[in-house]
Amino acid sequence: MSLAQTKEKATKERLTSMELPLKGWSASARSDAYDRLMGMGLPVRRDEYWKYTRPDAFTSADVPRAAVQEDNDAPIFDALDCHKLVFVDGIYSEEFSDGLSIDGVTLELLSSTSDVDIHWAKSLYGSLEKKGQKPVARPLAAFNSAFAQEGILMHVKKTPPKPISLHYVRESDVSDVMLHHVVKIDEGASITILESGDVAARCNMAIEAEIEKDGQLNHVRAQGRDHERNALTHIFAQLEEQSQFKSFCLTMNGVLTRNETVIEMRGDDGMAHVAGASVGDGDFHHDDTVFITHDALRGESRQVFKKVLRNGATGVFQGKILVKPDAQKTDGYQISQSLLLDDDSQFLAKPELEIYADDVACSHGSTSGAIDEEALFYLRSRGVPAEEATNLLTLAFLAEALEEVENQEISDVLNAHLEGCLKRGC
Amino acid sequence: MLEIKNLCVSLEEEDKRILKGVNLTVEAGKVHAIMGPNGSGKSTLSYVLSGREGYEVTDGSARLLDEDILDMEPEERAAAGLFLAFQYPVEIPGVGNMTFLRTAVNAQRKSRGQQEMSATDFLKEVRSEAKALKIDADMLKRPVNVGFSGGEKKRNEILQMAMLEPKMCILDETDSGLDVDAMKLVAEGVNALRSNDRGFLVITHYQRLLDHIKPDVVHIMADGRIVKTGGPELALEVENNGYSDILAEVA
Ligand SMILES: Nc1ncnc2c1ncn2[C@@H]1O[C@H](COP(=O)(O)OP(=O)(O)OP(=O)(O)O)[C@@H](O)[C@H]1O
Ligand SMILES: [Mg+2]
Numbered sequence: 001m002s003l004a005q006t007k008e009k010a011t012k013e014r015l016t017s018m019e020l021p022l023k024g025w026s027a028s029a030r031s032d033a034y035d036r037l038m039g040m041g042l043p044v045r046r047d048e049y050w051k052y053t054r055p056d057a058f059t060s061a062d063v064p065r066a067a068v069q070e071d072n073d074a075p076i077f078d079a080l081d082c083h084k085l086v087f088v089d090g091i092y093s094e095e096f097s098d099g100l101s102i103d104g105v106t107l108e109l110l111s112s113t114s115d116v117d118i119h120w121a122k123s124l125y126g127s128l129e130k131k132g133q134k135p136v137a138r139p140l141a142a143f144n145s146a147f148a149q150e151g152i153l154m155h156v157k158k159t160p161p162k163p164i165s166l167h168y169v170r171e172s173d174v175s176d177v178m179l180h181h182v183v184k185i186d187e188g189a190s191i192t193i194l195e196s197g198d199v200a201a202r203c204n205m206a207i208e209a210e211i212e213k214d215g216q217l218n219h220v221r222a223q224g225r226d227h228e229r230n231a232l233t234h235i236f237a238q239l240e241e242q243s244q245f246k247s248f249c250l251t252m253n254g255v256l257t258r259n260e261t262v263i264e265m266r267g268d269d270g271m272a273h274v275a276g277a278s279v280g281d282g283d284f285h286h287d288d289t290v291f292i293t294h295d296a297l298r299g300e301s302r303q304v305f306k307k308v309l310r311n312g313a314t315g316v317f318q319g320k321i322l323v324k325p326d327a328q329k330t331d332g333y334q335i336s337q338s339l340l341l342d343d344d345s346q347f348l349a350k351p352e353l354e355i356y357a358d359d360v361a362c363s364h365g366s367t368s369g370a371i372d373e374e375a376l377f378y379l380r381s382r383g384v385p386a387e388e389a390t391n392l393l394t395l396a397f398l399a400e401a402l403e404e405v406e407n408q409e410i411s412d413v414l415n416a417h418l419e420g421c422l423k424r425g426c
Numbered sequence: 001m002l003e004i005k006n007l008c009v010s011l012e013e014e015d016k017r018i019l020k021g022v023n024l025t026v027e028a029g030k031v032h033a034i035m036g037p038n039g040s041g042k043s044t045l046s047y048v049l050s051g052r053e054g055y056e057v058t059d060g061s062a063r064l065l066d067e068d069i070l071d072m073e074p075e076e077r078a079a080a081g082l083f084l085a086f087q088y089p090v091e092i093p094g095v096g097n098m099t100f101l102r103t104a105v106n107a108q109r110k111s112r113g114q115q116e117m118s119a120t121d122f123l124k125e126v127r128s129e130a131k132a133l134k135i136d137a138d139m140l141k142r143p144v145n146v147g148f149s150g151g152e153k154k155r156n157e158i159l160q161m162a163m164l165e166p167k168m169c170i171l172d173e174t175d176s177g178l179d180v181d182a183m184k185l186v187a188e189g190v191n192a193l194r195s196n197d198r199g200f201l202v203i204t205h206y207q208r209l210l211d212h213i214k215p216d217v218v219h220i221m222a223d224g225r226i227v228k229t230g231g232p233e234l235a236l237e238v239e240n241n242g243y244s245d246i247l248a249e250v251a
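Protein chains in written order, with this note's numbering: chain S, 1 to 426; chain Z, 1 to 251.
Simulated from the structure, these hints should not be mistaken for lab results.
All the pointers check out, no bait thrown in.
No more than 25 angstroms apart at the CA atoms, straight line, and that leaves these computed lysine-lysine pairs for DSS-like:
#1 S/K423 to Z/K110
#2 Z/K124 to Z/K141
#3 S/K350 to S/K134
#4 S/K423 to Z/K141
Chain S stretches covered by chain Z per the calculated footprint, using a threshold of three residues with CB under 8 angstroms from any CB of chain Z:
#5 365 to 377
#6 393 to 404
Chain Z stretches covered by chain S per the calculated footprint, using a threshold of three residues with CB under 8 angstroms from any CB of chain S:
#7 47 to 57
#8 70 to 78
#9 88 to 99
#10 106 to 120
A virtual CB, placed ideally from N, CA and C, is assigned to each residue, including glycine.
Okay, chain S solo, but in the shape it has when bound (with noise of 0.2 angstroms):
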């Protein structure tokens, strides 16, 4: 059989015990979703997108089993004025939620309007995604558009007063979560999205944000720090005239996680800043992919990825930035950096930068290193204990990563759950 036929097969009987949720204003592009992925099939190890990453954790029929891990501490962005959205194994908590209601913004769930045939995210919803399956097949993203069970549809007319925190709390050892939020930003309106927790067993996660001229959206996120848990995320941006999205991810354990950023600078003058710092020990495999693509003049972007890896865990980058004819003075910065605290850990990094304009600024870099042992030596040679002294690098391997997030609170924030993590040893 030949890999198609390998993958459709394989796809079909994945797909036949699902039910496509086929209701409301969403419908058409759930079945249109529907048809996308079988056109491509679901991933498989063979996929150059999926070389250094097993799919099969997110394809497979059965959820892989993980423990839920008994966690004291309060959700990380309690510690901020948030209006606060909660899920439990993906389902929304009125009980623990601030409710959906907020100044400048609507907020529905995608479970609640199934009902309507006619909803403004109805001209979003899974097409951003589908477009960004070009050049680059994503299934597992359609995968979710099509299944998606729940989400938050956000609407922001105008700056709202205070951060939206959407908490993913897991109780189940086998829950298997797809959600599927669409935020739209209209013209000068900005907002601050911060995620946090475990969600899932294996959790299926897509954003969908387009963000409009002189719109802002500056999107932080705290992965779960479960060590068996599987997680797949994608955000798919499009940014027009002068519009920001800056987007940063931290990420300690999880057996396997892999976000991808698919960002398409539509308009002039526009900015993306993506970031992530992650720490990871054993089993741990962590995989950022990323694909900027700059289709007008003048836009920045920067890519900034920091891995601390361990006692054979395994780091993955895999990012892009793809320059069009007409994006003249594109200014493009990438780089991925990896902490080896052992030998038996590895980063497999694969930077790439596809530039059809001229007059441009690109840019990038990849590097694998171990701990400064002439650093080492002097903390320690000063009284800070090895493990201390360790720490103490770690964290300044990862701050330029963390510089990314420019509100000081949430850095701050960060900063302090990393470090807490570390201390105890994540």
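On the provided structure of chain S, position chain Z with the ligands as indicated by the hints.
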């Protein structure tokens, strides 16, 4: 205070002997100076004492306050009271100088069973010590030694020493790279710490430093051994005549 007996050290990586039987005792309250030609093993001695990796002690012993230190981890030696002001202080990007100092001070206090220093007390003390060494607030905020000039790095070493209040201070060429005024500041910093229960081992090539930090004893090291020991006049002799006479005499 510090008692080194027949210390023999080779490199771990290659079969090269560097220290070939060093004998040296620094008493509490005293300042000893070591001089000696380049490559004679002075820095190696200071590194071996502070626990840097890469050396193999093939013979001999080193005791600090009657404790064998050669089997200790570097941080344990520091907690026991040893301090080395590095000949080449290390730059640590991403770690703020203040964080570094506070972490070090508190780690040592913790290992001695003392309470951590409060943030305000710490700030007060750092500020006053830094002021004495003319280290400005900006340098305290910057990452450890990153972008510091040669002289600033050396002053930063003395600041650390002042904050950590060690029992046994080894200064490896702290004077190199210092201008005349900075040297005075550093010497004042060292002299302020001189006390009956503290010992100093000052490695230097020049008499100038010893004009400010008056040594009680001067040793000459050559080819991995202390070849001559005397009073402050020995340093003057080196200053005037170099090492050739001394080396010829002991050969
Ligand atoms: N890691 C090493 N690898 C190779 N050689 C080394 C190493 N460490 C020290 N040595 C050698 O050991 C000898 C002593 O070096 P050391 O740095 O202790 O000298 P020193 O007396 O401090 O000299 P200086 O006055 O120039 O600072 C030198 O010949 C040096 O090259
Ligand atoms: Mg030296």
